[in-house]
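Chemist: For the record, the sequence lines run as chains W and B.
Counted from 1, the first sequence has number 206 at position 206 by full-length UniProt numbering; the numbering is strictly sequential.
Counted from 1, the second sequence has number 66 at position 66 by full-length UniProt numbering; the numbering is strictly sequential.
Hint data in this document are derived by calculation from the structure and do not stem from the laboratory.
Ideal placement from N, C-alpha and C gives every residue a C-beta, glycine not left out.
Wrong hints could be hidden among the right ones.
Stated by the list, open to error - Okay, the calculated bits of chain B under chain W, using three or more residues with CB under 8 Å as the criterion: (1) 45-54; (2) 69-83; (3) 134-142; (4) 196-210.
Claimed, not checked - Within a straight-line C-alpha distance of at most 27 Å, the following computed DSSO-like cross-link-like pairs (lysine-lysine) qualify: (5) W:LYS165 / W:LYS210; (6) W:LYS77 / B:LYS77; (7) B:LYS77 / W:LYS210; (8) B:LYS210 / B:LYS165.
Claimed, not checked - Simulated restraints, written as ranges between beta carbons of each label pair: (9) W:SER81 / B:GLY213: 36 to 46 Å; (10) B:GLU217 / W:ASN159: 43 to 53 Å; (11) W:PRO34 / B:ASN150: 35 to 45 Å; (12) B:ARG40 / W:ASN21: 24 to 34 Å; (13) W:SER31 / B:PRO169: 41 to 51 Å; (14) W:ASN159 / B:ASP196: 40 to 50 Å; (15) W:ASN215 / B:GLN95: 35 to 45 Å; (16) B:SER31 / W:LEU199: 23 to 33 Å; (17) B:PRO85 / W:TYR59: 48 to 58 Å; (18) B:ASN215 / W:ASP36: 42 to 52 Å; (19) B:PRO85 / W:GLU217: 40 to 50 Å; (20) W:PRO34 / B:PRO34: 23 to 33 Å; (21) W:GLU88 / B:TYR59: 12 to 22 Å; (22) B:PRO34 / W:PRO163: 12 to 22 Å.
2 protein chains.
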Amino acid sequence: MQPPTAILETHLLTIGSAIKNMHVLILANGSPPPRDLAQRVAATADLIIATDGAAMKAYDLGLQPHLICGDFDSIDKAHASQLFPAAEIVVAPNQDYADLEKSLQLARDRGATQVTVLGATGGRLDHTLANLALLLSWHRTMTLCIQEANTFLWCLSANRNSPSKRILPTQPDDIISVIAIEPAILSIHGVQWEADHLLLQPGTRAVSNKALGRNVEIELVQGTVFLCLLSSSIRETPAP
Amino acid sequence: MQPPTAILETHLLTIGSAIKNMHVLILANGSPPPRDLAQRVAATADLIIATDGAAMKAYDLGLQPHLICGDFDSIDKAHASQLFPAAEIVVAPNQDYADLEKSLQLARDRGATQVTVLGATGGRLDHTLANLALLLSWHRTMTLCIQEANTFLWCLSANRNSPSKRILPTQPDDIISVIAIEPAILSIHGVQWEADHLLLQPGTRAVSNKALGRNVEIELVQGTVFLCLLSSSIRETPAP
Chain W
1 MQPPTAILET
11 HLLTIGSAIK
21 NMHVLILANG
31 SPPPRDLAQR
41 VAATADLIIA
51 TDGAAMKAYD
61 LGLQPHLICG
71 DFDSIDKAHA
81 SQLFPAAEIV
91 VAPNQDYADL
101 EKSLQLARDR
111 GATQVTVLGA
121 TGGRLDHTLA
131 NLALLLSWHR
141 TMTLCIQEAN
151 TFLWCLSANR
161 NSPSKRILPT
171 QPDDIISVIA
181 IEPAILSIHG
191 VQWEADHLLL
201 QPGTRAVSNK
211 ALGRNVEIEL
221 VQGTVFLCLL
231 SSSIRETPAP
Chain B
1 MQPPTAILET
11 HLLTIGSAIK
21 NMHVLILANG
31 SPPPRDLAQR
41 VAATADLIIA
51 TDGAAMKAYD
61 LGLQPHLICG
71 DFDSIDKAHA
81 SQLFPAAEIV
91 VAPNQDYADL
101 EKSLQLARDR
111 GATQVTVLGA
121 TGGRLDHTLA
131 NLALLLSWHR
141 TMTLCIQEAN
151 TFLWCLSANR
161 NSPSKRILPT
171 QPDDIISVIA
181 IEPAILSIHG
191 VQWEADHLLL
201 QPGTRAVSNK
211 ALGRNVEIEL
221 VQGTVFLCLL
231 SSSIRETPAP
C-alpha cells in the first residue's frame, strides 16, 4: 500500500521546498467547498495546488494557487495561465493516474508534511472512491485529510508491532465515526460510547459517536480505518 | 469480514421468504434517487424495504415499501403506518448499527439473493463511507449493488485459491472504474485499456476505462476492489 512513484512526468521544481512542516492545500475537481471555508484553509496553507479544471473553481472561490497540476484536459494551459499569471503550470500527462494523485506526489516532492484536500468528494462516485483510496495509500507518507465543509476525514492503520494513537482536538458534541475496511481492533476514549480493544468489522458499528470534551483519543492496534470528525462549528483543519 | 449477525431485535417474519432469486430494493436515507429511476428499480424488485426516515422519501418517490425497518428515530411508527398502512413495521432499536445494516440483515433473512440499495450516498460523508463498508462486508453473502442514478457499484474479492470473474453487461462508452482497497491482481477485457494480471494498488490507476461493446470481463485473482459502472443511458440494475 505504498504510493506509486514516478507518476509525474516533470522535473522536480523548487517552490515550497525549503519550508518545514509544510501544509499544502489541494483543491480537487469535485464539489467545490464553501467559499469562506476555502479561504480559511488557504490562509493556513504554505502552498496551494489546484488540480487541472479545479483552477476555475479556485478562481471562483477567490483562491490564488501557486501550482496548477494535471493533464490539462479540463482546462487548457493558456486559460489557466490567464486566470493565474503567477502560478506555476505543472503538466503531468500520464493518463494512468488522476490529477489528484499527481498533485499528491507533487506536494510530497515539494516537502509537504500535512495536506488538506478540498473538493475530493461530491462528484462522480468512482472519483470519490478513488480519492478515498488515495487516503489509504498516502496516509503513511504525510498527514492527509479530506475535508468537506465541517467534516474531516483521515485514515489510520496499525499492526500489533506498530500501534497508532491519535488525539483529536474536539468540541463537545462533535461527531466521531470510525469505519473499518478490514477487521480492526481499537480503543476510543473521550466519547459518549467508549470502547476498549473493540473488534470492529467493516460496517456501521462505530458510526456517530459523540465527543464529550476537548479531546478524543483513538488507539488502533490492528487494521485500517477511516476516522471521520464532524465538527459542530466551522474551524480550520485540526492536525491530529 | 463476515457480516455481523443478530443485529435485528425482532422475530423472523415471512414476507417474501418463499421467493427464489429474490431481488430486494432497499431505499436508504441519503440523497434520494431520481423518481423515474426509483420506480424502474422498484418494478423489478420482489420486495421493497425503506430504512426508517427513508419512508418519507419513498412516499415522495411514489414507492410502496413492503417493509419499513429501523430504530424509528427519523420517523415515528405511527407516521410510517399512516403513510403506508399495508407495510410491515420492523422495529430494530439496536443503536450499534445503522438502519441500512439492519435492513440488509432483514433482506437476507427474508431470502434476498440480489439487493439494490438506492439513497446510500450523498448524505453525510461518514454515512456514505459506512455504507461502502457494508459492500465490503456483505458482498460475499448476496449480489449487492449500490446504485446512484446511472452509476452501479459492486465489491469483488478473491484470493489465489478462489478467483472471482464477472461479466458486466455494458453498452459502448460505458465507463468502468476499478478501485482497489488493498493490493489486487486483475485482468480486464472488453475495454479500451485492457490489462492482464495487473497489480493494482489503492489509488486512481484504473479509473475511467471505457467499454467497447456489450460485455466487460473482469477477473480478480487477489485482493478486494470496488467495481463501478457508469452507464451512458438509464436502465435497470445489471446483475453481473
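Chemist: None of the hints should be skipped; say for each whether it holds.
Modeler: Going through the hints against the structure:
1. 45-54: Our answer is that it is violated, as 0 residues pass the Cβ test (under 8 Å) against chain W, missing three.
2. 69-83: That given contact is violated, which follows from only 0 residues of the region 69-83 of chain B lying within Cβ reach (below 8 Å) of chain W.
3. 134-142: holds (count 3)
4. 196-210: holds (count 7)
5. W:LYS165 / W:LYS210: Holds, at roughly 18 Å.
6. W:LYS77 / B:LYS77: violated, 58 Å
7. B:LYS77 / W:LYS210: holds, 26 Å
8. B:LYS210 / B:LYS165: Between LYS210 of chain B and LYS165 of chain B the Cα gap is close to 18 Å, so the pair holds against 27 Å.
9. W:SER81 / B:GLY213: 36 to 46 Å: For GLY213 of chain B against SER81 of chain W, whose Cβ atoms are near 41 Å apart, the range 36 to 46 Å holds.
10. B:GLU217 / W:ASN159: 43 to 53 Å: violated, 35 Å
11. W:PRO34 / B:ASN150: 35 to 45 Å: violated, 28 Å
12. B:ARG40 / W:ASN21: 24 to 34 Å: violated, 53 Å
13. W:SER31 / B:PRO169: 41 to 51 Å: Because 30 Å falls outside the window, the suggested range is violated.
14. W:ASN159 / B:ASP196: 40 to 50 Å: Check failed, 32 Å falls outside 40 to 50 Å.
15. W:ASN215 / B:GLN95: 35 to 45 Å: Check failed, 24 Å falls outside 35 to 45 Å.
16. B:SER31 / W:LEU199: 23 to 33 Å: 32 Å Cβ-Cβ, so the 23 to 33 Å window holds.
17. B:PRO85 / W:TYR59: 48 to 58 Å: Hint holds: Cβ distance 54 Å, inside 48 to 58 Å.
18. B:ASN215 / W:ASP36: 42 to 52 Å: The hinted range 42 to 52 Å holds for ASN215 of chain B and ASP36 of chain W, with Cβ atoms some 48 Å apart.
19. B:PRO85 / W:GLU217: 40 to 50 Å: holds, 49 Å
20. W:PRO34 / B:PRO34: 23 to 33 Å: holds, 26 Å
21. W:GLU88 / B:TYR59: 12 to 22 Å: violated, 53 Å
22. B:PRO34 / W:PRO163: 12 to 22 Å: violated, 46 Å
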